[in-house]
Amino acid sequence: MQLINLLSWLPGHSGFGSYVQRVVPGLDGLRLQLGIDGQGALLTPGQWLPQPPAWAPGRRMRVLQRYSLVQHGLNLPALLQSHGIQLDQFEAIYSPFFDALLCWPDVPQLITCHDLTPLVASNSRKAWLRYRLWQPRHCQAATRLIAISRYVADQLVAFGVESDRIEVIPNGIRIQRPPLLAPSSQDLVALARHDVNKNLPALFRGIDQLQRQWPQWSGTLRIIGRGGRQTPLVQRLRQSLPRPEQVELIDALPQAELMALVRAAMALLSASTEEGFDYPVLEAKAEGLPTLISDIPVHREFHEGSSLFFPTDDDGTAMAGQVRALLGDGALWSHLSSAGLDLARSLSVDRQIAQIRDQLAALGAS
Numbered sequence: 001m002q003l004i005n006l007l008s009w010l011p012g013h014s015g016f017g018s019y020v021q022r023v024v025p026g027l028d029g030l031r032l033q034l035g036i037d038g039q040g041a042l043l044t045p046g047q048w049l050p051q052p053p054a055w056a057p058g059r060r061m062r063v064l065q066r067y068s069l070v071q072h073g074l075n076l077p078a079l080l081q082s083h084g085i086q087l088d089q090f091e092a093i094y095s096p097f098f099d100a101l102l103c104w105p106d107v108p109q110l111i112t113c114h115d116l117t118p119l120v121a122s123n124s125r126k127a128w129l130r131y132r133l134w135q136p137r138h139c140q141a142a143t144r145l146i147a148i149s150r151y152v153a154d155q156l157v158a159f160g161v162e163s164d165r166i167e168v169i170p171n172g173i174r175i176q177r178p179p180l181l182a183p184s185s186q187d188l189v190a191l192a193r194h195d196v197n198k199n200l201p202a203l204f205r206g207i208d209q210l211q212r213q214w215p216q217w218s219g220t221l222r223i224i225g226r227g228g229r230q231t232p233l234v235q236r237l238r239q240s241l242p243r244p245e246q247v248e249l250i251d252a253l254p255q256a257e258l259m260a261l262v263r264a265a266m267a268l269l270s271a272s273t274e275e276g277f278d279y280p281v282l283e284a285k286a287e288g289l290p291t292l293i294s295d296i297p298v299h300r301e302f303h304e305g306s307s308l309f310f311p312t313d314d315d316g317t318a319m320a321g322q323v324r325a326l327l328g329d330g331a332l333w334s335h336l337s338s339a340g341l342d343l344a345r346s347l348s349v350d351r352q353i354a355q356i357r358d359q360l361a362a363l364g365a366s
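The opening position of the sequence shown corresponds to residue 1 in this note's numbering, with each subsequent residue numbered one higher.
No wet-lab data here; the hints were simulated from the structure.
Be a bit skeptical, because a hint or two may be false.
[As the list claims (entries may be wrong)] Here are the simulated distance ranges between beta carbons:
hint, residue 1, residue 2, range
1, Asp-350, Arg-243, 16 to 22 Å
2, Asp-164, Gln-86, 26 to 32 Å
3, Gln-213, Pro-11, 39 to 45 Å
4, Leu-129, Glu-304, 31 to 37 Å
No residue lacks a Cβ here, since even glycine has one placed at the ideal position from N, Cα and C.
Throw the hints in and build the complete structure from the sequences for me.
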């Protein structure tokens, strides 16, 4: 029997939540997560729904939820006992999060590291301290760790994890719609929270140069993502543009509206300085949408030959030039669309799930 630890799943939409919704339905095992009553729940695959949990009704548990500490507010041995389950019935525990169940160190555990961004481009000292001081305990408790890129695997080794305990399993994607065949507008889109690592100032430098060098550009850059510590800076940068109305800041959208905006754009932009994978770039490629992205190691790892790369710290000239090239060169647009789609086809969710199953089977047999 396997246990899937979902206690760190937060309410609302997030990249982590999307990962759970793609991967967990394909895995066997009891699902452990927080119920609507703020208590632990053990659900069979048939009982479980791939929907984010609600916020707990009690203040104490909500605080634990917010900081991914739910396991420390639950009596997990009593929860097992109430279901008539003995701990030694579990062959392995899997977490799609960077969290092991610290109370059960004797059960083989497979946990997932999506990134170590808080150590390099943190939005708060609290997040930095949590990763620096607390995450090593989870790394020690885990038998094996999944890294979603070679870049993250290298970071884990530098963090002190032995390389032979790490397995690189990239994110997968399902192609759900016919690919775009040509651009329908001059619009640009970026899916990015207002966080330090998303490097939104670089996008504004690029748009500033584009507006000055190519005033006939008639599109709109739509930046879709939650506000944060950098929101005041982002708003100032928008107002300082020659034509601020060509940039829209959108907090969130329903999935159908979001996808419609993405497919209506000419290209997706990502200026991140630090990512573990950057899933929105792959999502764009699954739609056949060209991508202009920052020249960082994890982008090079996956997107060499199927994206255009620009520096993270120039004056915006490179990004502006790439947008102009796409505007004037239909063959370039078609090449990036086709090459990106080929990459998306090579990174399937089914393959990702199969690799996770193999890791769990190996743990159970050890």
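Okay, the hints, checked on the actual structure:
1. Asp-350 - Arg-243: 16 to 22 Å: At 45 Å between Cβs, range violated.
2. Asp-164 - Gln-86: 26 to 32 Å: The hinted range 26 to 32 Å holds for Asp-164 and Gln-86, with Cβ atoms some 31 Å apart.
3. Gln-213 - Pro-11: 39 to 45 Å: holds (44 Å)
4. Leu-129 - Glu-304: 31 to 37 Å: For Leu-129 and Glu-304 the Cβ distance comes to about 35 Å; the hint holds.
In the structure shown, a violation is registered for the earlier hint numbered 1 alone.
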